[in-house]
Amino acid sequence: MPRLSVWIIRTALLYLGVGFTLGAMILFQKGVPYAGGVWRLLPMHVEFLLIGWTLQLAKGVGFWILPRFIAGAPRGDERLVWLAYALLNAGVLSAALGQWLRAPTIIPLLGRAAEVLAAATFAFHAWPRIKPHGK
Amino acid sequence: MKALRLLLALGLIPLAAGLVVPTYHDAVMTHWPARATTQAQLRAGEFPFLHPGASCGQPLAGNPNFGVFFPDTLLLFVLPLPVAFGVRFALPFVLGFVGARRWARAEGARAEAAETAAIAFVFSGVFVSAWRFFNSGLALALAPWVLAGLVKVFRRVEAADTRGSRRAVAELGLWGGLELLAGEPVVALRPGSSAGWLVAASAILQMLAGWAFVANTWGRVKER
Chain L
1 MPRLSVWIIR TALLYLGVGF TLGAMILFQK GVPYAGGVWR LLPMHVEFLL
51 IGWTLQLAKG VGFWILPRFI AGAPRGDERL VWLAYALLNA GVLSAALGQW
101 LRAPTIIPLL GRAAEVLAAA TFAFHAWPRI KPHGK
Chain R
1 MKALRLLLAL GLIPLAAGLV VPTYHDAVMT HWPARATTQA QLRAGEFPFL
51 HPGASCGQPL AGNPNFGVFF PDTLLLFVLP LPVAFGVRFA LPFVLGFVGA
101 RRWARAEGAR AEAAETAAIA FVFSGVFVSA WRFFNSGLAL ALAPWVLAGL
151 VKVFRRVEAA DTRGSRRAVA ELGLWGGLEL LAGEPVVALR PGSSAGWLVA
201 ASAILQMLAG WAFVANTWGR VKER
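Here the protein sequences line up with chains L and R, keeping their order.
Residue numbering for the first sequence follows this note's numbering, beginning at 1 and increasing consecutively.
Residue numbering for the second sequence follows this note's numbering, beginning at 1 and increasing consecutively.
Hints were generated in silico from the structure; no laboratory data involved.
This one's a predicted model, so the numbers in the text were calculated from it and none came from an experiment.
Heads up, some of the hints might be wrong.
As the list claims (entries may be wrong) - Listed next, with one range per pair, are the computed distances between beta-carbon atoms:
1) R:108 with L:54: 42 to 48 Å
2) R:216 with L:123: 30 to 36 Å
3) L:66 with R:216: 24 to 30 Å
4) R:166 with L:80: 51 to 57 Å
5) R:10 with L:38: 51 to 57 Å
From the three backbone atoms N, C-alpha and C, an ideal C-beta is built for every residue, glycine too.
Whole structure, please, built from the sequences with the hints as guidance.
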């Protein structure tokens with residue numbers, strides 16, 4: 001597994017653990033109420049598990065297993081994926097923390113924009129790798 | 001105590017034998033006709049989907065208030081309607097008494113204390129008020145069984161008794177299922193609200209499962 005995939009997948013695993021913890025805090029509140037404010041963690045729980053874990057895991061695995069090039073760098077320009085990795089995590093944290101801390105709307109909005117940009121950057125990198133075997 | 005139990009049981013005989021029929025409110029206006037329709041349809045070999053005599057046709061099995069799926073519906077095949085209907089009213093008293101006793105015992109009360117709790121429960125204002133209704137009386141009578149099951153689950157889990165825990169969970173499932181089939185969702189939710197700790201416990205287990213997966217996978221995600 002390439003170093004970049006290790007970074008992406010391990011980051012996704014951290015989101016999984018934290019996302020599950022936030023979900024458990026909310027579920028605990030449903031069973032035994034202890035702090036109504038815990039419901040404010042819901043958007044962060046969704047963001048961490050949907051984007052931080054699921055999408056990020058797909059990206060990490062995708063970068064690792066998509067067909068490689070015969071000539072040149074086997075996985076193409078890795079800098080694009082590093083950029084997508086940075087953008088996605090900046091986006092997830094801005095959107096999640098921005099909503100939790102009730103930051104100005106522009107913060108979560110910028111986060112969303114970073115997530116879209118991350119997806120586009122990764123797609124730009126992966127596009128040429130979607131090809132028949134041996135080409 | 002035995003004499004008192006016998007006295008209470010004797011008091012239920014006219015009801016269970018169909019010698020008296022509850023006629024209060026819903027009992028005679030709603031549930032007696034619905035039960036008669038259910039019996040006629042079942043004996044004709046049909047599934048009681050529709051209650052044709054109510055409001056130009058109403059769902060019968062589809063309306064949980066009629067309790068069609070509660071096991072005592074089977075009595076309609078073999079018993080006359082007044083008897084089956086009376087049993088439906090006698091049954092909650094017996095279930096309420098035994099269930100409250102069982103719950104008290106599960107909580108650690110001595111036999112005499114549990115017996116007193118059972119008598120207090122079936123003669124409490126809440127139970128007597130609910131008992132006159134076809135569905136809520138039965139649902140309330142089953143609530144102590146659900147709570148007793150819940151207490152047993154916690155006790156067995158605390159004692160790390162795997163086999164006993166499974167049996168207790170199965171018992172809780174059985175009484176919880178019957179509680180829902182009794183046909184009164186509001187009452188059914190009351191013991192359910194006490195199951196909040198079960199929800200909380202499952203939250204912790206899910207979180208631990210998540211972190212266990214992370215810990216297990218972390219080392220396997222490595223450069224090669």
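Now the hints, each set against the structure:
Distance hint check: the CB atoms of residue 108 (chain R) and residue 54 (chain L) are about 47 Å apart, consistent with the given range 42 to 48 Å. Checked against the given bound of 30 to 36 Å, the beta carbons of residue 216 (chain R) and residue 123 (chain L), roughly 31 Å apart, stay inside it. Between residue 66 (chain L) and residue 216 (chain R) the beta carbons are some 26 Å apart, a value that agrees with the proposed interval 24 to 30 Å. Here the CB-CB span from residue 166 (chain R) to residue 80 (chain L) is close to 53 Å, well matched to the stated 51 to 57 Å.
Between residue 10 (chain R) and residue 38 (chain L) the beta carbon distance is about 54 Å. The supplied range of 51 to 57 Å therefore holds.
Violated hints for the displayed structure: none, as all numbered hints are satisfied.
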